[in-house]
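Colleague: Spelled out, the chains give:
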Amino acid sequence: MTIDPESEPPQSPTTRRGTPRHGSVPLMETVWVTAPDLNRRAALERTRSRLVLAAGGFMFLFVAVLLKLVDATIIQPLPAHQPERHAAQPFSPPADEQPAQKALQHEQRAMITDRNGEILAISLPTASVYANPREVADAAEAAHKLKQVLPRLDEQTVRARLSSEKQFIYLARQITPGEQLAINRLGIPGIYFEQTEKRRYPMGRVAAQILGGVDVDGHGIAGVERFFEKRLHDDPSPLRLALDVRVQAVVRDELSRAMQEFGAIGACGIVMDVRTGEVLAMVSLPDYDANKEGEAEADARFNRAVTGMYEPGSTFKLQTASMALDSGLVHIWNQFDASHNIHIGRFTISDFEGKHRWLYLPEVLAYSSNLGAAHIAQTMGAERQRAWLRSMGMLARTGIELPEQGLPIVPPAANWRDVVTLTVGFGHGIAVSPLHVVRGTAAIANGGILPRPTIVDKDEESPQGTRVMQQSTSDTMRKLMRLVVTNGYGKSAEVPGYYPGGKTGTAEKVGHHGYKKHANVAAFTSVFPMNAPRYAVYMMLDEPHATAATHGYATAGWVAAPAAGRVIARIGPMLGLLPDLTDKAAIDASLYIPLRPGRERAPAAPVASANFRREAALRMTAGPATSHDPAR
Amino acid sequence: MPVLSRNDSSVLGRWWWTVDRWTLFSVAALIGFGYVMMLAASPAVAERIGQSRDIFILKQVVFLAIAGLLVIGVSLLTPRGIRRVALAGCTIALAMTAATMLVGVEIKGARRWIALPGLSLQPSEFLKPCFAVVAAWLINEGRRTPRFPGMPIACGLFALIAVVLKSQPDIGMLAVIAAVFFAQLYLAGLNLFLVGMGVLGLGSAAGAAYLLFPHVRSRVERFLDPSTGDSYQVRTALEAFGNGGLLGRGPGEGHVKDILPDAHADFVFAVAGEEFGMLVCLIILGIFAFIVIRALLRQLQEQDLFIVLASSGLAVGFGLQAFVNMGSSLHLIPTKGMTLPFVSYGGSSALAVALGIGMLLALTRRRNHGDLV
Numbered sequence: 001m002t003i004d005p006e007s008e009p010p011q012s013p014t015t016r017r018g019t020p021r022h023g024s025v026p027l028m029e030t031v032w033v034t035a036p037d038l039n040r041r042a043a044l045e046r047t048r049s050r051l052v053l054a055a056g057g058f059m060f061l062f063v064a065v066l067l068k069l070v071d072a073t074i075i076q077p078l079p080a081h082q083p084e085r086h087a088a089q090p091f092s093p094p095a096d097e098q099p100a101q102k103a104l105q106h107e108q109r110a111m112i113t114d115r116n117g118e119i120l121a122i123s124l125p126t127a128s129v130y131a132n133p134r135e136v137a138d139a140a141e142a143a144h145k146l147k148q149v150l151p152r153l154d155e156q157t158v159r160a161r162l163s164s165e166k167q168f169i170y171l172a173r174q175i176t177p178g179e180q181l182a183i184n185r186l187g188i189p190g191i192y193f194e195q196t197e198k199r200r201y202p203m204g205r206v207a208a209q210i211l212g213g214v215d216v217d218g219h220g221i222a223g224v225e226r227f228f229e230k231r232l233h234d235d236p237s238p239l240r241l242a243l244d245v246r247v248q249a250v251v252r253d254e255l256s257r258a259m260q261e262f263g264a265i266g267a268c269g270i271v272m273d274v275r276t277g278e279v280l281a282m283v284s285l286p287d288y289d290a291n292k293e294g295e296a297e298a299d300a301r302f303n304r305a306v307t308g309m310y311e312p313g314s315t316f317k318l319q320t321a322s323m324a325l326d327s328g329l330v331h332i333w334n335q336f337d338a339s340h341n342i343h344i345g346r347f348t349i350s351d352f353e354g355k356h357r358w359l360y361l362p363e364v365l366a367y368s369s370n371l372g373a374a375h376i377a378q379t380m381g382a383e384r385q386r387a388w389l390r391s392m393g394m395l396a397r398t399g400i401e402l403p404e405q406g407l408p409i410v411p412p413a414a415n416w417r418d419v420v421t422l423t424v425g426f427g428h429g430i431a432v433s434p435l436h437v438v439r440g441t442a443a444i445a446n447g448g449i450l451p452r453p454t455i456v457d458k459d460e461e462s463p464q465g466t467r468v469m470q471q472s473t474s475d476t477m478r479k480l481m482r483l484v485v486t487n488g489y490g491k492s493a494e495v496p497g498y499y500p501g502g503k504t505g506t507a508e509k510v511g512h513h514g515y516k517k518h519a520n521v522a523a524f525t526s527v528f529p530m531n532a533p534r535y536a537v538y539m540m541l542d543e544p545h546a547t548a549a550t551h552g553y554a555t556a557g558w559v560a561a562p563a564a565g566r567v568i569a570r571i572g573p574m575l576g577l578l579p580d581l582t583d584k585a586a587i588d589a590s591l592y593i594p595l596r597p598g599r600e601r602a603p604a605a606p607v608a609s610a611n612f613r614r615e616a617a618l619r620m621t622a623g624p625a626t627s628h629d630p631a632r
Numbered sequence: 001m002p003v004l005s006r007n008d009s010s011v012l013g014r015w016w017w018t019v020d021r022w023t024l025f026s027v028a029a030l031i032g033f034g035y036v037m038m039l040a041a042s043p044a045v046a047e048r049i050g051q052s053r054d055i056f057i058l059k060q061v062v063f064l065a066i067a068g069l070l071v072i073g074v075s076l077l078t079p080r081g082i083r084r085v086a087l088a089g090c091t092i093a094l095a096m097t098a099a100t101m102l103v104g105v106e107i108k109g110a111r112r113w114i115a116l117p118g119l120s121l122q123p124s125e126f127l128k129p130c131f132a133v134v135a136a137w138l139i140n141e142g143r144r145t146p147r148f149p150g151m152p153i154a155c156g157l158f159a160l161i162a163v164v165l166k167s168q169p170d171i172g173m174l175a176v177i178a179a180v181f182f183a184q185l186y187l188a189g190l191n192l193f194l195v196g197m198g199v200l201g202l203g204s205a206a207g208a209a210y211l212l213f214p215h216v217r218s219r220v221e222r223f224l225d226p227s228t229g230d231s232y233q234v235r236t237a238l239e240a241f242g243n244g245g246l247l248g249r250g251p252g253e254g255h256v257k258d259i260l261p262d263a264h265a266d267f268v269f270a271v272a273g274e275e276f277g278m279l280v281c282l283i284i285l286g287i288f289a290f291i292v293i294r295a296l297l298r299q300l301q302e303q304d305l306f307i308v309l310a311s312s313g314l315a316v317g318f319g320l321q322a323f324v325n326m327g328s329s330l331h332l333i334p335t336k337g338m339t340l341p342f343v344s345y346g347g348s349s350a351l352a353v354a355l356g357i358g359m360l361l362a363l364t365r366r367r368n369h370g371d372l373v
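These protein sequence lines map, in sequence, to chains A and B. Numbered per the numbering used here, the first sequence spans residues 1 to 632. Numbered per the numbering used here, the second sequence spans residues 1 to 373.
One should not assume that every hint holds.
[What the hints assert, rightly or not] One-sided and incomplete, this derived list gives chain A residues near chain B with beta-carbon spacing under 8 Å:
1. Ala-43
2. Thr-47
3. Phe-58
4. Lys-68
5. Arg-134
6. Gly-187
7. Pro-189
[To be verified] Residues from chain B that face chain A, not an exhaustive set, calculated with beta carbons under 8 Å:
8. Asp-8
9. Ala-179
10. Ala-183
11. Leu-185
12. Ile-293
13. Leu-297
14. Leu-300
15. Leu-305
16. Phe-323
17. Leu-330
[As the list claims (entries may be wrong)] Chain B residues, not near chain A, derived (Cβ > 10 Å throughout):
18. Arg-6
19. Ala-28
20. Ala-29
21. Ile-66
22. Leu-102
23. Tyr-186
24. Gly-196
25. Gly-198
26. Gly-201
27. Phe-213
28. Arg-235
29. Leu-238
30. Glu-253
31. Val-308
It should be emphasised that the hints constitute simulated quantities derived from the structure, not laboratory data. Glycine is no exception: its CB is placed at the ideal position from the N, C-alpha and C atoms.
Just need the whole structure built from these sequences, with the hints factored in.
Modeller: Structure (structure tokens):
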């Protein structure tokens, strides 16, 4: 700044800011300023105005921080851990009791009971413990503490998982209330509980394969639990099954006894109401504890009754006979040639302990003649046979409410050659499930109505289903089935007062290279009481072995039929059927049919028994090695 | 504080009567908060760093003490001395920043640190205040001395720094240095057209960073829409503020420090909010605002353009750093890891900030025509 020396003394001197009044340097009104200096001062002025602007800008920024700070702390404070709120909700005391109760009920999976209301499956409330590792301050300490309460945890693994960057990990599922309390008492931050439920099966092994099971999230993975997943999830009322746990237990008991006695690898039993198709019992052995589904072997989880496909063997002769009689092409007293083996292509069909003569139709069933059944099938022809099997539901799934139900193994129509017609006539060259056989037997016995098998309790009493044969055919067949027990291979199934009728069937199992010589499936399909059919009982042993008591036989008449008899004797009273011995003469007469026309009258029971023993002795001397025929 | 006579003409005596004591006390208060926050966050951080708590506290006590001494020591210098320190510092820091490319320690995908015994140094922290002073000198010298190409040199130096920082990459630091440099150009009287161009340039540079650097993009996207990505840190920080409320949970009662890995540095404001509440946060905010705005407004009486530009640059850098830190933890801006001056834990940061504040105090001392009174 330069001061012009020629200027007048100041009239009203201004002072520089910041200097004391005395000795201040007076600023003159008129000054000379050099051009660069003037520019510099102008620039400084501009700088100053911009400085104010910059200060204002910072003021703006800091005020923004201030407002946001006030907002975040007291105006709209963010509640801690909002993401966890949802999971933790069931624990917060509900403001309104009523909807909470409803929601809880809605979440609870419905019970499964048997037909009498016995609980088969129930969901119990339990808790899962989980963690948000990001909130866990000290993973090592938390893992150590948790290990003290839940010894089944692996401390190293838990520590590693708690140290991860995830926001949700399960530590343990389905802990007990005591464990939950103990963990809660540890007070570890970041550890939470989730209210879940655990599926329990109070009956353990009873009906394990039918019930199936649920996964850890409570979704059905097999059996009824899977088939009725939506129903059990949506409708809290109990699902009532057709099963009767008492009958189920008896069947299981007798099956496992027979299985042990004959060293079988498996067994299967079914009890069905022949009028409604309701399955009162369905047992497949080996089985498992339904509460430990995860530890069960695949073989134990396998439900032989609906998934297993076996050649039905001689039990199928009931189908062949019904078809023939119902068609009218064959008369009950027609004779069929069982004197010569049939040679067709590279196959030879022969009889086990054949009579080597012409047989009447009742004899074909009573003596279980393969040759007779083959000739009947030949008479009917492939087309009628296929139509019959289709109408009897042998070519499709049974339609029972189990996801495991299998499809029969049937030769395609184009390959249905003569030999197939013949062998299917006595139950070979086709494989169906035991449930198929039981249903077919029920239809033959109940007056000719094919029921739809069901695992769910029905209220109807009257026969349900489609008519597949005339009533008269069914009446004749009932007598023939009874004849098998009184005079044929099914004698050991006889239960006084229950008048059972049925048919044995022993089939060699199919291996990789044709039939396996010493591996049988021995089954007995029966209905009782034959005078007023109510229940079908099917008992099957997989690969039974002969014992001294069976005189070297492992055939159905020796291993399966006695078990069926014992089951009938035990479940009859349970199901409200009392043995009827007072009307025995009348009932025997109503069910009587001779083996041959006009040759025999209805035999008295002791005679039948003697007859049975004589035949058994005969069979023993003949020995099992005399035949290479798969069917007996 | 020893009572110094107004007539005491020793170095310290003259310093005491000429230095901006309000700012000095403010800085002392911040350092005090730094101690408190270090004590609050130390158990969690000591465990995370894997040191014993005693060593951890001792180190920070030493660093904060050195920082305090550095503030005083640097503020004793004359503007000329400051200019020399800044020139030397700028050269060394630039060289070291460039050296991080070769010998740097890679942490979380960026090479910004040089490991020294006792601390890992981030040279670019020191570059920021030094470059502010150097740029101010260059701009002023370009004005004063004919044919001295001050402005081109300043721009060239800035471009060099930009290249180095971009390759680290340290986009946040680059953004702050760019903002400081631009503010200085603006204060130096850049015409408004060029100011507009500069704003556009910064904007397009930000856009380019958004497109070029995935981590920048993800942070911005998370800021704009928290549901798109992992906004866990910001959310936790906001919860901490909400948890603290007006008066806080009490010292040591917060738990955000246990959860957030950077609680002791980038989210120290959230720790303060949770444990000491809104009022203490307002005090911290007020101190920063006071220092920055006071420093800017004091330049209104300054005649020397170099002093104006250098002081403003230092104040703007200091203020922006504080704003970015507090704004990040309050979800006001996208998260950017930047320390809260003096309050955050960390040796390198505390020393660099102390250097800048020391320079600011030195430049704003009262003097008569360039000479200290």
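Colleague: Each hint should be assessed against the structure and marked as holding or not.
Modeller: Now the hints, each set against the structure:
no. : hint    : verdict
1   : Ala-43  : 5 Å, holds
2   : Thr-47  : 5 Å, holds
3   : Phe-58  : 5 Å, holds
4   : Lys-68  : 5 Å, holds
5   : Arg-134 : 6 Å, holds
6   : Gly-187 : 13 Å, violated
7   : Pro-189 : 7 Å, holds
8   : Asp-8   : 21 Å, violated
9   : Ala-179 : 11 Å, violated
10  : Ala-183 : 6 Å, holds
11  : Leu-185 : 10 Å, violated
12  : Ile-293 : 5 Å, holds
13  : Leu-297 : 5 Å, holds
14  : Leu-300 : 5 Å, holds
15  : Leu-305 : 7 Å, holds
16  : Phe-323 : 5 Å, holds
17  : Leu-330 : 5 Å, holds
18  : Arg-6   : 15 Å, holds
19  : Ala-28  : 20 Å, holds
20  : Ala-29  : 16 Å, holds
21  : Ile-66  : 28 Å, holds
22  : Leu-102 : 32 Å, holds
23  : Tyr-186 : 6 Å, violated
24  : Gly-196 : 14 Å, holds
25  : Gly-198 : 13 Å, holds
26  : Gly-201 : 18 Å, holds
27  : Phe-213 : 22 Å, holds
28  : Arg-235 : 7 Å, violated
29  : Leu-238 : 5 Å, violated
30  : Glu-253 : 13 Å, holds
31  : Val-308 : 6 Å, violated
Of the numbered hints listed earlier, those contradicted by the structure are 6, 8, 9, 11, 23, 28, 29, 31.
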